[in-house]
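Undergrad: The primary structure of each chain is shown beneath.
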Amino acid sequence: DGGITQSPKYLFRKEGQNVTLSCEQNLNHDAMYWYRQDPGQGLRLIYYSQIVNDFQKGDIAEGYSVSREKKESFPLTVTSAQKNPTAFYLCATQDRNYGYTFGSGTRLTVV
Amino acid sequence: AQRVTQPEKLLSVFKGAPVELKCNYSYSGSPELFWYVQYSRQRLQLLLRHISRESIKGFTADLNKGETSFHLKKPFAQEEDSAMYYCALLMDTGRRALTFGSGTRLQVQP
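Heads up: the sequence lines are chains A and B, in that order. Going by my numbering, the first residue of the first sequence is number 21, and it counts up by one from there. Going by my numbering, the first residue of the second sequence is number 311, and it counts up by one from there.
No lab work stands behind these hints: they were computed from the structure. Remember, it's a predicted structure, so these values are computed and weren't measured experimentally. Check before you lean on any hint, since a few could be wrong.
What the hints assert, rightly or not - Simulated coverage check for chain A against chain B, where a stretch passes if three residues somewhere in it have a Cβ under 8 Å from a Cβ of chain B:
hint	stretch
1	84-95
2	121-131
Said to hold, decoys possible - Pairs of lysine-lysine residues, derived as BS3-like cross-links and limited to a Cα-Cα distance of at most 30 Å, are as follows:
hint	chain 1	residue 1	chain 2	residue 2
3	A	K103	B	K319
4	A	K29	B	K319
5	B	K367	B	K319
6	B	K332	B	K383
7	B	K375	B	K319
8	B	K319	A	K77
9	B	K375	B	K332
10	B	K367	B	K325
11	B	K383	B	K325
Said to hold, decoys possible - Negatives, chain A to chain B, calculated, CB over 10 Å:
hint	residue
12	R33
13	Q37
14	L110
In this text, a Cβ means the ideal position worked out from N, Cα and C, and glycines have one as well.
Just chain B, same shape as in the assembly (with noise of 0.2 Å):
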């Protein structure tokens, strides 16, 4: 069965700091990749996809097959990136509904 991991509950770091939230997946076929994001006393909302590239508030993401991973990353944080971030994965066959990581709470301090 398909699986994804955020391995860090928490994570914070200074602003103007670089930034790594992790996610790793299991699954044997090919997935597609996102991060959804949750600001204090907002719907959740999704940041990126890996299929699009894009570079989203200063936030990248790319898919890494060979170690199953989709980390997302941040050259510079700012303290309005606070929030929850979860990562999520769609099966190419089968059910079309997403999986999602535990997420990861990232603190940016001033």
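Same shape as in the complex, but just chain A (with noise of 0.2 Å):
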């Protein structure tokens, strides 16, 4: 079915260790994001791509990065640098009057 397909639903990662999240869609749309969700703080923009081979940093992209290879791949790594990672990761795109499709998310612990 059509939609955005976040993996893995869980993820671990051990201290020192970077991994990647994996986001694909099948909207056929140009723009995907990558936010954290924290409790009590919202959603916080960690990077976004507006177009294949073009990306962005968004307000909290240090520790983080990301690739744009594929319209419909929008692939997260969050690195060593990442001090606080353990958190609920969402990935969206957007459609031509800027609403917003989201995935089901990957909540990452650090152990």
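Hey, can you piece these two chains together into the complex? The hints should help.
TA: Structure follows, in structure tokens:
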């Protein structure tokens, strides 16, 4: 069915380890976004991409990296430089009316 | 910089009571405002946007530019309205990403 697929649903990271969160869409939307959701803080923008092969830092990009080699895919890497990575990560696409469609999220826990 | 404020972390009402979830924003331009909702074990989804002036599931929201507010209202709450609600702002220039508030959890008690 059409939509956004985020994987894995749960991810555990050891200290000093890089991990990559997957986000795939078949909605044919150009713009894709990564947000971090923490209790009491709402959603904060990490990175976004308006078009293939281009992406921009959001408000909390430090310790994260992304790529946008294909329209369908926008993976997020949480690097060891991210000091507090435990959070719920949401991927979204944006339609031409600027409305968002969200994925089901990945919960990352540092162990 | 733009900012969205939802002053209430939790709002608890009884079934049938009126509901108002507050949202205030700060932005110097002409924004577009949205309400998103997240029901238990479901994805975050669009509830309504101010330009469409729709009523979705009995909810309405009016953009008040003078008070820079976009409060969400429903005259009679239902138990199935219990969820997390986020107000979001889209700037009219520059970055086209949504800026979200911190969210309000609505609990509708029987």
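Undergrad: Determine for every hint whether it applies to the structure shown.
TA: Against the structure, the hints:
| no. | hint | verdict |
| --- | --- | --- |
| 1 | 84-95 | violated (count 0) |
| 2 | 121-131 | holds (count 4) |
| 3 | A:K103 to B:K319 | holds (26 Å) |
| 4 | A:K29 to B:K319 | holds (26 Å) |
| 5 | B:K367 to B:K319 | holds (22 Å) |
| 6 | B:K332 to B:K383 | holds (9 Å) |
| 7 | B:K375 to B:K319 | holds (23 Å) |
| 8 | B:K319 to A:K77 | holds (28 Å) |
| 9 | B:K375 to B:K332 | holds (14 Å) |
| 10 | B:K367 to B:K325 | holds (15 Å) |
| 11 | B:K383 to B:K325 | holds (14 Å) |
| 12 | R33 | holds (23 Å) |
| 13 | Q37 | holds (28 Å) |
| 14 | L110 | violated (7 Å) |
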